[in-house]
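Asks: Given next are the chains, with one letter for each unit.
Protein chains: 2
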Amino acid sequence: MNRRVLLKSRPVGVPQKEHFEIVETPVPTAREGEFVVRNAFLAVEPAMRGWVNAVGNYSEPVGIGEVMRSFAAGEIVESRHPDYSVGEQVMGMFGWQDHAVSDGRSVVRRVARDPDLPLSTSLGVLGLNGITAYFGLLEVAPPKSGEAVVVSTAAGAVGSCVGQIAKIMGCRAVGIAGGQPKVALCRDVFGFDAAIDYKADGDLGRALKDACPAGIDVYFDNTSGPISDAVLGQLNVGARVAICGTASVASWDPVPLGPRVERHLLVKRARMQGFLVLDYSRRYGEAIDQLSRWVKDGRIAYREEYLDGIEAAPDAIAGLYRGENLGRRLIRLS
Amino acid sequence: MNRRVLLKSRPVGVPQKEHFEIVETPVPTAREGEFVVRNAFLAVEPAMRGWVNAVGNYSEPVGIGEVMRSFAAGEIVESRHPDYSVGEQVMGMFGWQDHAVSDGRSVVRRVARDPDLPLSTSLGVLGLNGITAYFGLLEVAPPKSGEAVVVSTAAGAVGSCVGQIAKIMGCRAVGIAGGQPKVALCRDVFGFDAAIDYKADGDLGRALKDACPAGIDVYFDNTSGPISDAVLGQLNVGARVAICGTASVASWDPVPLGPRVERHLLVKRARMQGFLVLDYSRRYGEAIDQLSRWVKDGRIAYREEYLDGIEAAPDAIAGLYRGENLGRRLIRLS
Chain A
3 MNRRVLLKSR PVGVPQKEHF EIVETPVPTA REGEFVVRNA FLAVEPAMRG WVNAVGNYSE
63 PVGIGEVMRS FAAGEIVESR HPDYSVGEQV MGMFGWQDHA VSDGRSVVRR VARDPDLPLS
123 TSLGVLGLNG ITAYFGLLEV APPKSGEAVV VSTAAGAVGS CVGQIAKIMG CRAVGIAGGQ
183 PKVALCRDVF GFDAAIDYKA DGDLGRALKD ACPAGIDVYF DNTSGPISDA VLGQLNVGAR
243 VAICGTASVA SWDPVPLGPR VERHLLVKRA RMQGFLVLDY SRRYGEAIDQ LSRWVKDGRI
303 AYREEYLDGI EAAPDAIAGL YRGENLGRRL IRLS
Chain B
3 MNRRVLLKSR PVGVPQKEHF EIVETPVPTA REGEFVVRNA FLAVEPAMRG WVNAVGNYSE
63 PVGIGEVMRS FAAGEIVESR HPDYSVGEQV MGMFGWQDHA VSDGRSVVRR VARDPDLPLS
123 TSLGVLGLNG ITAYFGLLEV APPKSGEAVV VSTAAGAVGS CVGQIAKIMG CRAVGIAGGQ
183 PKVALCRDVF GFDAAIDYKA DGDLGRALKD ACPAGIDVYF DNTSGPISDA VLGQLNVGAR
243 VAICGTASVA SWDPVPLGPR VERHLLVKRA RMQGFLVLDY SRRYGEAIDQ LSRWVKDGRI
303 AYREEYLDGI EAAPDAIAGL YRGENLGRRL IRLS
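Protein chains in written order, with the numbering used here: chain A, 3 to 336; chain B, 3 to 336.
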């Protein structure tokens, strides 16, 4: 049978366990021009909140009764598609289910078998997380050697990669994360020069000054909110801010208030720019090639954590927002 | 005698008449390596508020008892400097006074005698106002033909130039200004496709939708505040925002609150960037050459208004903030 996680009702804010249900249907078969993937890993990520909320986003929200949209990685077990063969590994938008049918358009990338780069990495450091870090840092907020680069949610799949690319570029990398285990990850595993626990350090401004005595040149923003306000106050002239996510803001309806940024940006001749990794889709190969080399050379470390079995899926997004994960969260199917 | 306007006391916010005093001293003479300018026009501009306030800005505030810092334009009447000759016209940071001594470092540009381009234009459309519009639009928020460009304080010396450059670039130019006389200037003299009176149009969002039915691609921001909030809500994907000034915000101490911008910038993959025209100082010549051709060709119109006599100076900045000027405000000396 094919177990599938359906969206049962539409949440406001973070989707909880009760917004999903698991159903079983027969394993699908491929028609002409299609293939069937047996998923080995399902992704769980903060952006999924937006995919199920009713308010406008990049794409239409997941419909009630539909399989939860998600990235997944697996092996092709049946194919009637000329370009895809049984046994090939692929990563794509296959949804929270054991088996998915695709005509190829939902594929993000093929994944070569390489003992050093397991299939799961295609959903993390060698997937959209790594690619997001790569283009967000190097194209949207390019750092120069010697500059100070600050990233929020620094222990996360994107943030940890941003910090390590910053180090490769010769920068001082400073991470902001919540809780000592994440701060320790940043320092000890990901090699940040400094990591700040925003939950423990009451005065984030002070902690940032200590960590970046010469000011902040690049900020990779995954949070918005008071964390970003503290960072923006310490930008250097010519600073660049890449806006990647707004994890710390519970709701944008209505738009919450914060300190106006115009004066900072003006006096510092600084730039804030939002970006969406999908806009770089034609260049994913370039990022994956470079990131793969860095991972193989040991210059980029990554952490993954697995929830075993599809039964863990319905509560998995809420868990992310509870901050309970250490490393890229994936659901591992047997 | 040399009449000079001194800063008498430090204002909080907009400087008023009582913060200045006029004194008379002997006309200065040049030492070796210096020359004396007799000013014909003194500039009055919103940025002067920042130059006299105590809070941090681009440069040190004007000291109490010092001549008010300002741009001015005049003719060299004495020279012991090898590069400057008597009779030459120059524009520079000569201060609110009849005569100024310079060693050349305070000169922004020389002004050739051209009956089509009077000296006063060196303080407006062919001075830092025009140069600000030129680089701010074309370099910081470059528009593509067919796009919608919105500018605030659109009837002003910078805004009117932005709108006209946008038209030259093949864009739809939409101005926001306060009051019918300014709106009429935008439409009838500066050729904006549409002009919105933010004071009369209660629902600025509605007015912007009517003026930009296909959304806003470029915003040249001279105001910050609720005007900018309304514009930011209607940005298109890939929009560019150049932050040039914050005229609508009375004080930045403490930083006022406004709707957070991160979500807009993220969903629209949009960019906000502050800039300072002084950072382009090595390229002023390029801007002046181009702007001069456009003015001579009748493609850029400008308006100047003169306050006669240095006695008008002390109240002139406050008058700008009262919104009483129509056109680039200059003090004309006899």
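You may find that some hints are simply not true.
All copies of an identical chain are treated as equivalent in the list; a pair is satisfied when it fits inside any one copy or across any two copies.
[To be verified] Simulated crosslink set (SDA-like; lysine to any residue; CA at most 25 Å straight-line): (1) K146 <-> G204; (2) K211 <-> R51; (3) K19 <-> P261; (4) K19 <-> E68; (5) K146 <-> Y282; (6) K298 <-> G321; (7) K169 <-> A303; (8) K270 <-> G235; (9) K298 <-> P228; (10) K169 <-> V79; (11) K19 <-> D291; (12) K169 <-> V29; (13) K201 <-> R40; (14) K270 <-> P48; (15) K270 <-> G227; (16) K10 <-> R189; (17) K298 <-> A252; (18) K146 <-> V251.
FYI, nobody ran anything at the bench for these hints, they're computed from the structure. As the structure is a prediction and not an experimental result, all values here were calculated from the model.
Asks: For every hint, state whether the structure bears it out.
Replies: Hints versus structure:
1. K146 <-> G204: Answer is neither; intra-copy 30 Å and inter-copy 46 Å both fail.
2. K211 <-> R51: neither (33 Å within a copy, 30 Å between copies)
3. K19 <-> P261: Result: close neither inside a copy nor across copies, 35 Å intra and 31 Å inter.
4. K19 <-> E68: For K19 and E68, the Cα distance is within 25 Å only inside one copy (16 Å; across copies 69 Å).
5. K146 <-> Y282: both (22 Å within a copy, 21 Å between copies)
6. K298 <-> G321: Result: close neither inside a copy nor across copies, 31 Å intra and 66 Å inter.
7. K169 <-> A303: within (12 Å within a copy, 51 Å between copies)
8. K270 <-> G235: Result: close both inside a copy and across copies, 10 Å intra and 24 Å inter.
9. K298 <-> P228: Neither way: K298 and P228 sit 37 Å apart in one copy and 51 Å across, limit 25 Å.
10. K169 <-> V79: Classified as neither: same-chain Cα gap 41 Å, cross-chain 58 Å, threshold 25 Å.
11. K19 <-> D291: Neither: 37 Å inside a copy, 65 Å across copies.
12. K169 <-> V29: neither (46 Å within a copy, 60 Å between copies)
13. K201 <-> R40: neither (41 Å within a copy, 61 Å between copies)
14. K270 <-> P48: between (31 Å within a copy, 19 Å between copies)
15. K270 <-> G227: both (20 Å within a copy, 19 Å between copies)
16. K10 <-> R189: Neither, since 41 Å and 54 Å both go past 25 Å.
17. K298 <-> A252: Neither. Shortest intra-copy (37 Å) and inter-copy (55 Å) distances fail the 25 Å Cα cut-off.
18. K146 <-> V251: Answer is neither: 30 Å inside a copy and 34 Å across each miss the 25 Å cutoff.
Checked against the numbered hints above, the structure breaks hints 1, 2, 3, 6, 9, 10, 11, 12, 13, 16, 17, 18 and satisfies the rest.
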